[in-house]
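**Student:** One letter stands for each residue in the lines below.
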Amino acid sequence: MNPTRIVEAILLASETPLAPKEIARASTDLSTKDVEDAISELAREYEADDRAFQIYPLGDGYQILTRPEYAPYLERFDSITRTNKLSRAALETLAIIAYRQPVGRLQIEELRGVSAAGVLRNLQERGLIDIVGRAEGLGRPLLYGTNEKFLDHFGLRSLEDLPQPQELQIALRAEE
Amino acid sequence: MNPTRIVEAILLASETPLAPKEIARASTDLSTKDVEDAISELAREYEADDRAFQIYPLGDGYQILTRPEYAPYLERFDSITRTNKLSRAALETLAIIAYRQPVGRLQIEELRGVSAAGVLRNLQERGLIDIVGRAEGLGRPLLYGTNEKFLDHFGLRSLEDLPQPQELQIALRAEE
Amino acid sequence: MEVIGKKVRLPSPAASRIVEADDRFVVELERFQGPLDLLLHLIRSQDIDIFDIPIGDITEQFIKAIEGVEDSVSLERAGEFLEMAATLVRIKAQMLLPRRDDLLEDQDPRSELVRRLLEYEFFREMAHALSAAEAERALHRPKGYVEPRPSPDMGELPLQLSLEEFVAAAISLPAPPERKPHRAPVRPVTVDEKIDLWFRVLKEKTRVPFEWFMRRWKTRIHAVMSFLAALELAKRGKVRLNQERHFGTLWVNRGESDEDS
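Protein chains in written order, with this note's numbering: chain L, -9 to 166; chain F, -9 to 166; chain D, 321 to 581.
Check before you lean on any hint, since a few could be wrong.
Label pairs and their calculated CB-CB ranges [said to hold, decoys possible]:
| id | chain 1 | residue 1 | chain 2 | residue 2 | range |
| --- | --- | --- | --- | --- | --- |
| 1 | F | Asn74 | D | Gly376 | 39 to 49 Å |
| 2 | F | Pro62 | L | Arg57 | 40 to 50 Å |
| 3 | D | Pro529 | F | Glu150 | 30 to 40 Å |
| 4 | D | Ala455 | L | Leu48 | 25 to 35 Å |
| 5 | D | Gln427 | L | Gly103 | 36 to 46 Å |
| 6 | F | Ser77 | L | Gly108 | 21 to 31 Å |
| 7 | D | Gly376 | L | Ser77 | 36 to 46 Å |
These are calculated hints, taken from the structure and not from any lab test. Just so you know, even glycine gets a beta-carbon here, dropped at the ideal spot from N, CA and C.
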């Protein structure tokens, strides 16, 4: 197998920068010198082909990274792919928190039947919920509640203004 | 900037397969068609240049992945993680969900003759199945379905890549 | 373009035999996914026609295979195997019983089981095909390192959500998912235990209706084990079974030579 291609595969798949000495362990036929030559060869090819990526030295290792001039496209891509709307899961979780607060992750998961960890992080990043305390008992789990920004968004003055429709399932209804 | 290079940068910088429609959002000058053309062009280039990686279709999206012949060289690196193989229980449960979706826990248990609660939780945590709804009737049981990550895990473009039940009949008869 | 997304291929029929036909009475239960898997193994490894299962032999082999099941697997899994044993014994009993005239000729007591086995076999084969696809996919590695990028500040993204939408979502929240009904743990019970019990009862009475035994334990597995114990004792000549008329009471009679066990 062509050593340049082996080095290319390793550089692409590795999570950390790898030094030529480390890369050489991939095959008994591969010397550190071979790896160094392969890296130079790949860098020349990427340059000549005008690839969107290049090999960059990091510490004593190397890594394939996108070229800096593409950063604006990646940034735009990131901000557009995150939407302005809440997902169904986030919306339901927010509803449970709003009506049941303070409420822990386990209770939310019991009500929705699915894991809530990712959704809770998302709602926190959006600034709609806060950690408002810890429950008693094993592991003292975190309790979540809505915050000022949540009220502001809907133009509510306090949680008491939150509508209490008849159709709300019992678990979410305000206790009489 | 050359649209093919923008697409290349975005594909390289993504941890998951991306659909052409999503990639097109990176630039206002980029249509879905442009992205599709760019992907074909890149695939041709990687092929012609004998790169150690290629663009592969997974579900609705595309991702840059190493070619299979380099897998043996990647095995001895700690910085290159392998995905854990699924257990037989998980595979059988996934097969049932893939063919019978949307499907509830009780149906799965009836088909396999064993409890499914633990396996379902595990598959949900690995993100290979989603809750896709609830059945009518007593307790409104949850219904499960497969998702994009399921397709990615098995290298499928769509559920149609799975064998059809008729093909299996032949296998059954051949064994008799 | 090269394609991973080739069609998933089915395993060759030979490869689909998960376990070779080794000593078929020594089966490690942990290797099996459950009772259907074990049953299929017994049938396929002996080249038995699945549409004409010799239910007596298979039942015997199955019960032999799950002997001591409660020691080798969890209680819940043991219950799954025992339930299948009960089903097999029921089918066996139905096959022994005289056909009632009002039953349709094609009402084979085995047909439901055959349907379940074939259906399960389909998904078992599919699991094999998926496993092969998984292995092939695992040969491809994605970019290992993706440069961290400043994540757009979510807090600053304008949120599109009206109070009406929010309340509608709250209303549409379904009632919490059903709780798994609590299953009382099955106390493991053996045929031997039941044999002892028959002896003790038959010391005091010369004959006992089988139902008398059934009434005392509500779980099926006790009934099954009692039935198997009675059959075993009849085989050894320790008891006689008789039924005065079809579908009537099954009597368990003290045998002629019942001095000891």
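**Student:** State the violated hints by number, sorted upward, taking the hints as numbered earlier in the document.
**Tutor:** 2, 3 and 7
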